[in-house]
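Line by line, the protein sequences give chains A and B. Be aware that the first sequence starts at 1, since it is given in our numbering, and climbs by one per residue. Be aware that the second sequence starts at 1, since it is given in our numbering, and climbs by one per residue.
No lab work stands behind these hints: they were computed from the structure. Hints should not be assumed to be uniformly reliable.
Stated by the list, open to error - Below, in silico cross-link-like pairs of lysine-lysine (BS3-like), each with a Cα-Cα straight-line distance of 27 Å or less:
#1 Lys140(A) x Lys82(B)
#2 Lys102(B) x Lys69(B)
#3 Lys102(B) x Lys38(A)
#4 Lys123(A) x Lys56(A)
#5 Lys48(B) x Lys102(B)
#6 Lys141(A) x Lys38(A)
#7 Lys69(B) x Lys140(A)
#8 Lys140(A) x Lys111(A)
#9 Lys144(B) x Lys38(A)
#10 Lys38(A) x Lys69(B)
#11 Lys177(B) x Lys140(A)
#12 Lys85(B) x Lys38(A)
#13 Lys102(B) x Lys141(A)
#14 Lys123(A) x Lys86(A)
#15 Lys85(B) x Lys140(A)
#16 Lys144(B) x Lys141(A)
#17 Lys123(A) x Lys140(A)
#18 Lys141(A) x Lys69(B)
#19 Lys56(A) x Lys144(B)
#20 Lys69(B) x Lys177(B)
#21 Lys86(A) x Lys144(B)
#22 Lys177(B) x Lys82(B)
#23 Lys54(A) x Lys123(A)
#24 Lys141(A) x Lys111(A)
#25 Lys95(A) x Lys141(A)
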Amino acid sequence: MIRTLILCVAGLISMPLAAQDAAVVARDAWVRLPAPSKNDTALFAVIENHSAQKRKIVAVSSAEAQAAEMHEMRMERMMMVMTPVKEVSIPAHGKTSFNPDTLHIMLFGLKTRPSVGDMIEVKLRLDDGTIVPVTAIVRKK
Amino acid sequence: MLRVTMICLAILGSLSCHRALPVMPVGGDFALTDDNAHRFELASLRGKAVLIFFGYTSCPDACPTTLSKLSSVYHQLGSDAKRVKTLYVSVDPQRDTPAVLKADLSAFDLDALGLTGTKPEIDKVVAQYGAQYEIIPTPDSAMKYTVAHSTTLYALDTAGRVRMEFPYEATVDQITKGLEAVLASN
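This is chain A alone, in the form it adopts within the complex (with noise of 0.2 Å):
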């Protein structure tokens, strides 16, 4: 009994710990007010990479829409451009930034209508098989 205690403790102990000690977090992370006649809406947030290693984000979820996909923005030949990309790079002891005009990870089908303020959550796989969760704010902007 004293044994299970001191176990359950020593859990509840490592939890915040391990937390703090995720090499890659998401931070500010926002999702845009879907328009009227839309399901889809895209999400930003800052994606920090605490660990001496460059990693990858090569995949996106959520239980919450039916697709999730990471869109790069750039201006290409005098027009806005936007491009789905497989995977984006956090350089070792830095961060990407997923912001407006640059990228943004787009749900798609969400499975039900969000209002302001409330939280939808997302998963970033790594190529190293971490799971990132992110959970975003919805926002009118």
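Here the structure of chain A is known, so what remains is to put chain B in place on it, guided by the hints.
Using the frame of chain A, we list chain B on its own:
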């Protein structure tokens, strides 16, 4: 490069001498279908300054960013806001029906009308204004295709002539000051 220089000079020039605003060598009247599914003619807006830009409602980034920016411009214009009409011309008529344009524009706080039409009609207006767009198939994406498009914002005077072109990076303040110059121009 020459065009960007002209745009910058037009913005800078407007801050000091409203009457010297050049008439840009693009533009002209056109007819499309508005978001009430009615025939729309640009000439019907004589007496108002007009902002025109090209985009599509499935655009998750640049187009809502521009619309948000213009909402702030309208707020800054104050009593002059009622003298300005925004036209959002869709370059994705396959998806952007009048009803879709109307619904999506309603999310923004500005006096805007969505415009669509047949591909030849839209292509004619795109060419008149020196804009560009390209349908890019993306078969591996849930989106199926995206639309690359130019992001210039055109400001027309009350006589329907293009007097300023704002690049995508133009700030709310720059657009507001530019519009005030257009409204005051001869």
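Hint-by-hint comparison with the structure:
As the CA atoms of Lys140(A) and Lys82(B) are separated by approximately 24 Å, the hinted pair is consistent with the 27 Å bound. Distance hint between Lys102(B) and Lys69(B) is fulfilled; the C-alpha atoms sit about 18 Å from each other, no more than 27 Å. Distance hint between Lys102(B) and Lys38(A) is fulfilled; the C-alpha atoms sit about 12 Å from each other, no more than 27 Å. Taken as a hint, the Lys123(A) and Lys56(A) pair is honoured in the structure, with Cα atoms around 13 Å apart against an allowance of 27 Å.
Among the hinted pairs, Lys48(B) with Lys102(B) is consistent with the structure: their alpha-carbon atoms are about 21 Å apart, no more than 27 Å. Restraint check: the Cα-Cα separation between Lys141(A) and Lys38(A) comes to about 16 Å, which is no more than 27 Å; the hinted pair holds. A distance of roughly 13 Å separates the Cα atoms of Lys69(B) and Lys140(A); the hinted pair therefore holds under the 27 Å criterion. For the hint linking Lys140(A) to Lys111(A), the alpha-carbon distance of about 19 Å falls within 27 Å, and the restraint holds.
Pair hint Lys144(B) plus Lys38(A) holds up; C-alpha atoms about 15 Å apart against a cutoff of 27 Å. Simply put, Lys38(A) and Lys69(B) have alpha-carbon atoms about 21 Å apart, close enough for the 27 Å limit, and the pair holds. Of the pairs offered as hints, the one joining Lys177(B) and Lys140(A) holds, with about 25 Å between alpha carbons and a cut-off of 27 Å not exceeded. Restraint check for Lys85(B) and Lys38(A): the C-alpha separation of about 25 Å stays at or below 27 Å, so the hint holds.
Of the supplied pair hints, the one linking Lys102(B) and Lys141(A) holds, its CA atoms being roughly 19 Å apart against a limit of 27 Å. With a CA separation close to 15 Å, the supplied pair Lys123(A) and Lys86(A) stays within the 27 Å bound. Of the supplied pair hints, the one linking Lys85(B) and Lys140(A) holds, its CA atoms being roughly 23 Å apart against a limit of 27 Å. For a cut-off of 27 Å, the pair hint linking Lys144(B) to Lys141(A) stands: about 26 Å separates their Cα positions.
Proximity of Lys123(A) to Lys140(A) is assessed by CA-CA distance (about 22 Å); at most 27 Å being required, the pair is judged to hold. The suggested pairing of Lys141(A) with Lys69(B) holds, with an alpha-carbon distance near 10 Å, which does not exceed 27 Å. Note on Lys56(A) and Lys144(B): the hinted pairing holds, with a Cα-Cα distance of about 25 Å set against a maximum of 27 Å. At most 27 Å may separate the alpha-carbon atoms for a hinted pair to count; Lys69(B) and Lys177(B) meet this at roughly 14 Å.
Only pairs whose Cα atoms come within 27 Å are accepted, and Lys86(A) paired with Lys144(B) is accepted, the gap being roughly 16 Å. For the proposed pair Lys177(B) and Lys82(B), the alpha carbon gap of about 16 Å is at most 27 Å, so the pair holds. With a C-alpha separation of about 19 Å, the suggested pair Lys54(A) and Lys123(A) falls inside the 27 Å cut-off, and the hint holds. Under the criterion of a C-alpha separation no larger than 27 Å, the hint pairing Lys141(A) with Lys111(A) is consistent with the structure, at around 21 Å.
Simply put, Lys95(A) and Lys141(A) have alpha-carbon atoms about 22 Å apart, close enough for the 27 Å limit, and the pair holds.
In summary, the structure agrees with every hint in the numbered list given earlier.
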